[in-house]
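Chain D is fixed; fit chain E onto it per the hints.
Protein chains: 2
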Amino acid sequence: MSITAAKGWKAAGVRAGTKPSGDLDLALVVSDSPATVAGAFTTSSVPSAHVIVDRPRVSNGHAQGFCVTAGIANAFTGPEGVKAAEHMAATAAQLCGFSSEQDMLVAATGTIGEPLPMDVISKGLAEAASSLSETGDEDAANAIRTTDAYLKTCVRTIDVGGVTVTVGGMAKGAGMIAPRMVPQATLLVFITTDAVASADVLRDAITAALPKSFNAITVDGCMSTSDSVFLLANGAVGADVAGSTAFVDAVTEVMADLAYKVVADGEGATRVIRVQVTGAASDDDAYAAAREIATSILVRSAIYGGDPNYGRIVQALGQAPVKLDPATLRISVGGVELGYGGNGTGRGAEAAKALAAGGDAVIGADLGLGSSSFEYLTCDLTPEYVKFNAEYTT
Amino acid sequence: MSITAAKGWKAAGVRAGTKPSGDLDLALVVSDSPATVAGAFTTSSVPSAHVIVDRPRVSNGHAQGFCVTAGIANAFTGPEGVKAAEHMAATAAQLCGFSSEQDMLVAATGTIGEPLPMDVISKGLAEAASSLSETGDEDAANAIRTTDAYLKTCVRTIDVGGVTVTVGGMAKGAGMIAPRMVPQATLLVFITTDAVASADVLRDAITAALPKSFNAITVDGCMSTSDSVFLLANGAVGADVAGSTAFVDAVTEVMADLAYKVVADGEGATRVIRVQVTGAASDDDAYAAAREIATSILVRSAIYGGDPNYGRIVQALGQAPVKLDPATLRISVGGVELGYGGNGTGRGAEAAKALAAGGDAVIGADLGLGSSSFEYLTCDLTPEYVKFNAEYTT
Numbered sequence: 030m031s032i033t034a035a036k037g038w039k040a041a042g043v044r045a046g047t048k049p050s051g052d053l054d055l056a057l058v059v060s061d062s063p064a065t066v067a068g069a070f071t072t073s074s075v076p077s078a079h080v081i082v083d084r085p086r087v088s089n090g091h092a093q094g095f096c097v098t099a100g101i102a103n104a105f106t107g108p109e110g111v112k113a114a115e116h117m118a119a120t121a122a123q124l125c126g127f128s129s130e131q132d133m134l135v136a137a138t139g140t141i142g143e144p145l146p147m148d149v150i151s152k153g154l155a156e157a158a159s160s161l162s163e164t165g166d167e168d169a170a171n172a173i174r175t176t177d178a179y180l181k182t183c184v185r186t187i188d189v190g191g192v193t194v195t196v197g198g199m200a201k202g203a204g205m206i207a208p209r210m211v212p213q214a215t216l217l218v219f220i221t222t223d224a225v226a227s228a229d230v231l232r233d234a235i236t237a238a239l240p241k242s243f244n245a246i247t248v249d250g251c252m253s254t255s256d257s258v259f260l261l262a263n264g265a266v267g268a269d270v271a272g273s274t275a276f277v278d279a280v281t282e283v284m285a286d287l288a289y290k291v292v293a294d295g296e297g298a299t300r301v302i303r304v305q306v307t308g309a310a311s312d313d314d315a316y317a318a319a320r321e322i323a324t325s326i327l328v329r330s331a332i333y334g335g336d337p338n339y340g341r342i343v344q345a346l347g348q349a350p351v352k353l354d355p356a357t358l359r360i361s362v363g364g365v366e367l368g369y370g371g372n373g374t375g376r377g378a379e380a381a382k383a384l385a386a387g388g389d390a391v392i393g394a395d396l397g398l399g400s401s402s403f404e405y406l407t408c409d410l411t412p413e414y415v416k417f418n419a420e421y422t423t
Numbered sequence: 030m031s032i033t034a035a036k037g038w039k040a041a042g043v044r045a046g047t048k049p050s051g052d053l054d055l056a057l058v059v060s061d062s063p064a065t066v067a068g069a070f071t072t073s074s075v076p077s078a079h080v081i082v083d084r085p086r087v088s089n090g091h092a093q094g095f096c097v098t099a100g101i102a103n104a105f106t107g108p109e110g111v112k113a114a115e116h117m118a119a120t121a122a123q124l125c126g127f128s129s130e131q132d133m134l135v136a137a138t139g140t141i142g143e144p145l146p147m148d149v150i151s152k153g154l155a156e157a158a159s160s161l162s163e164t165g166d167e168d169a170a171n172a173i174r175t176t177d178a179y180l181k182t183c184v185r186t187i188d189v190g191g192v193t194v195t196v197g198g199m200a201k202g203a204g205m206i207a208p209r210m211v212p213q214a215t216l217l218v219f220i221t222t223d224a225v226a227s228a229d230v231l232r233d234a235i236t237a238a239l240p241k242s243f244n245a246i247t248v249d250g251c252m253s254t255s256d257s258v259f260l261l262a263n264g265a266v267g268a269d270v271a272g273s274t275a276f277v278d279a280v281t282e283v284m285a286d287l288a289y290k291v292v293a294d295g296e297g298a299t300r301v302i303r304v305q306v307t308g309a310a311s312d313d314d315a316y317a318a319a320r321e322i323a324t325s326i327l328v329r330s331a332i333y334g335g336d337p338n339y340g341r342i343v344q345a346l347g348q349a350p351v352k353l354d355p356a357t358l359r360i361s362v363g364g365v366e367l368g369y370g371g372n373g374t375g376r377g378a379e380a381a382k383a384l385a386a387g388g389d390a391v392i393g394a395d396l397g398l399g400s401s402s403f404e405y406l407t408c409d410l411t412p413e414y415v416k417f418n419a420e421y422t423t
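These protein sequence lines map, in sequence, to chains D and E.
Take the position in the first sequence, starting the count at 1, then add 29; the result is the number in my numbering.
Take the position in the second sequence, starting the count at 1, then add 29; the result is the number in my numbering.
Just to be clear, a hint being listed does not mean it is correct.
The list treats identical chains as interchangeable, and a pair is accepted whether it falls inside one copy or across any two copies.
Keeping only pairs whose Cα atoms sit at most 30 Å apart, straight-line, the calculated DSSO-like set for lysine-lysine is [unchecked claim]:
| id | residue 1 | residue 2 |
| --- | --- | --- |
| 1 | K290 | K112 |
| 2 | K48 | K352 |
| 3 | K48 | K382 |
| 4 | K112 | K352 |
It is worth saying that the hints were derived from the structure and are not from the lab.
The following block holds chain D by itself, in its conformation from the complex:
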């Protein structure tokens, strides 16, 4: 169970026909009753049509469901694209009997610059609406996939005054992943809960969770036009989570788990890389330094090769817009210190052995200038990534 694990949520995934493969490609998720909502979207200056349509709806703070089409991103499609997104939402809202079409959110992922085939979408929505069920979560999670090798879901439950509150989510994303979202990201994340929560409480939870989840991952350094995270609460179990740190923690855990799965499924990737920057002079510096290492294709290629190449880590730090002093800089790979202040430790073979042991590859950079830290997740860069993206049109 994932997106329908919380009480009062139903889902469906159908084959509308927007994926050339003929796989499931249209998801619909609705609550039995009105729900509150908060979201976060891409900071791209060319946001997709669905981002344009959803922003004011999410700002309203209420929604009752969402529909997602995969195969076509409906991005860079001009005013016609916005109309198509609005039409898709209106059609779905009507089929689900919503009192206001504004309560239906809409998302899309796939090729940029192609129009949505509305006849195909409308037919698919009708089929989805008639097949909504509490066990439709797996079909829905499969329908939103594009280059994803597997579906990504997560569920957490917490106890709120004796009542079990459930937070369940699904995500898609394997390429064009380098989200920098602000609350108000082709990463699509949908989380539902049966808690009672105002839009403000939901927004605070997303704001707390983003730096520890989707804003701390990258596959290819390419931020999508369509990145979006949605968190909806329908209050079905009656437990109010205002002021609950357990709720914020549960949302953070679900988002962090889904974010890890996105990186682990990064196009062509064989392993996750954890870039851990410590000792930075400021939080901004810790973030920027970690991001620069995580987006370096030289570092990511080296990890693919099992090479604890600390020179490339130093190179990446050198171009990061952060306060840096080579004399206090300490670099490690796989927990093995390789260099400090310009003095090599000669422990390269040991680090190579640590890498060869498998699991997540850990890169450590202690700037030695302060107490700020940040962990950024990425994946190794492989020849398969390039082959895949030379052949696949996004």
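For chain E alone, coordinates are given in the frame of chain D:
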């Protein structure tokens, strides 16, 4: 002829033993008489030892030669690394009979984080000093190569008041290439001339040439700790080039030619990509937009696949820190317009045919917001790049 094409310059390239391959790895180039100098260095906050040593020497405005070791970058090597660079320069200056060791510049390229073997270098310098000749330019250009598939040289001559002035250069670089140099990049570029020119005249020429050459190229988005450009003038032909636009043009042509050769030789690359941004609101915007497209591994993979994927170009622009309006944005590949203001032209097959014809791949992005433009050169990203960098330790 290249670095010794100008009158009064001699060069040598020898096998000192810093390259595991046993190829030529130490270059020495000197003028028969004192010369003026200007240079530009990496903006990395972890500059290599040679950059630290050369900066004040270049600021002095005079020099008479330079020595270059390849295989070890002498970067992130602490105070010992700086001492080694100073010792290398002092040894070379003494061997060449310079009155001041400050007149010898020093450069290094190769693995970061390893100490220079001074005994090997000293022996190599002695051999190089005894074999300096006017025909040693090819050995010198070969000695500075690391991952370069071929040597990179260029010569231009201009007429100054009836006197032929020669500008000749050599460069190395195929990976870790994304220079952002400021006058005062492991790209190493050496240019000699026999013109009479003050350090100021040389500095002005480099400042004019950089935005049209090395600061407008990238292979992998990774700026080296060691990038350096040097321009030396020994006045051997007696013609003063103060105020000569022909001289600035000749320096620019030599630097642009060498920069193109670096990109064309980009690790694993099969073709050059020319990213041409026009209609930007400002020069800074034109540069930033072009750079964002040129460093996108999704765009570079698509070009390798012969795919005129304009969605990825839109994606890259969307994350560029520039003024952008999707309504006025026009994208072309191979000279074929693919999208304007969110309306696809349906000419993808035509663009694919243009790409398949070979030659440089041209990406055009007209932002439609102003009159600023910038051309940024990069190369396609191939599986061979990743394989190469998974195996090679830089």
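Structure-based check of each hint:
With identical chains, the CA atoms of K290 and K112 are never at most 30 Å apart, being 33 Å at best within one copy and 48 Å at best between copies. Taking the shortest alpha-carbon separations for K48 and K352, neither the intra-copy value of 47 Å nor the inter-copy value of 34 Å comes in at or below 30 Å. Only between protomers do K48 and K382 lie at most 30 Å apart by alpha-carbon distance; the minimum there is 25 Å, versus 43 Å within a single protomer. For the identical chains of this complex, K112 and K352 are inter-copy neighbours only, at 25 Å across copies versus 47 Å inside a copy, given an alpha-carbon limit of 30 Å.
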